[in-house]
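Chemist: All chains should be modelled from the sequences, with the hints used to inform the complete structure.
Everything in the sequence shown is counted per our numbering, starting at 3 for the first residue and increasing by one.
Be aware that a few hints might be false.
[What the hints assert, rightly or not] Straight-line C-alpha distance at most 25 angstroms; calculated DSS-like pairs for lysine-lysine:
1. 239 - 126
2. 34 - 48
3. 239 - 213
If you are wondering where the hints come from, they were derived from the structure by calculation, not from laboratory data. All figures in this text were calculated on a predicted structure; none of them were measured in a lab.
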Amino acid sequence: MTWGAWVNVATEHGARGVDGVSIASIEDRGTKGVRAFLDELAAEVKAEIYRPNPLRRVNIEKPGQPGQTRPLSIPLVRDRVVMTAAKSVLEPIFEADFLPCSFGFRPKRSAHQALEAVRIAANKGAGFVLDADISDCFGSLSFDAIMAEVAKRVSDQKMLKLIRPWLRVGVLEDGVVTDPVTGAPQGSAVSPLLADIVLHVLDETWARDGKRLGTLVRYCDDFVVLTSTRARAEEAKARIKVILEPLGLQLLPRRPGSPAS
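Modeler: Right, dumping it as structure tokens:
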């Protein structure tokens, strides 16, 4: 297991998983202790006996939405290290395919760049906007869709065998472990990348079949389509629903076609 993966996890100072082991408690062992921890973890992965542990579920308040919460699933520190190491291998592979319309959870891309793309499209005459949000994107992603999209670019069976259990691992809440039937857990180091991999289907399909309707700008599961008419915004919404359905996803109810500003 790479030292870089450990550094990335340690600098985030994340919460404890279900085993109660913290980053600080591992760091207290000193450099040799951390190295022994990583070597043991790497040996498990190499021997194909590594298995992720249940996630600890907490509910955190949504910013700017008092009384509303979203679930956060916290992996063990050891699982976060393996996920981060896997992400460092997977991300460059998929970055080579991702399109310019996608801005969320990608290296050297930001929300400010997404806003600039919106500004440019609006200044080119896009007077209406479909402002869209996917309902419970992380929790609704189809397991089959995730694995199918990953397998298009990754043939290494050992990597695929790592990812599958991360999707299906149980979640501990109020003393009860529940097995998920869909989704990529929010809080997992690799889930944002997996979401972008699946939503790349939307980007590709739009670039091929939908761009006559308007300009797509996506920040993970939030996106807009800037169009010239309300009718085109309505058509864009209908088309996107069809694209998302096989992925297990649905749009939050919103009225399309608001004037761009």
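Chemist: Take the hints in turn and mark each one as holding or not.
Modeler: Against the structure, the hints:
For the given pair, residue 239 sits about 21 angstroms from residue 126 by alpha-carbon distance, which is consistent with the 25 angstroms threshold. Distance hint between residue 34 and residue 48 is fulfilled; the C-alpha atoms sit about 21 angstroms from each other, no more than 25 angstroms. Distance hint between residue 239 and residue 213 is fulfilled; the C-alpha atoms sit about 13 angstroms from each other, no more than 25 angstroms.
Checked against the numbered hints above, the structure breaks none of them.
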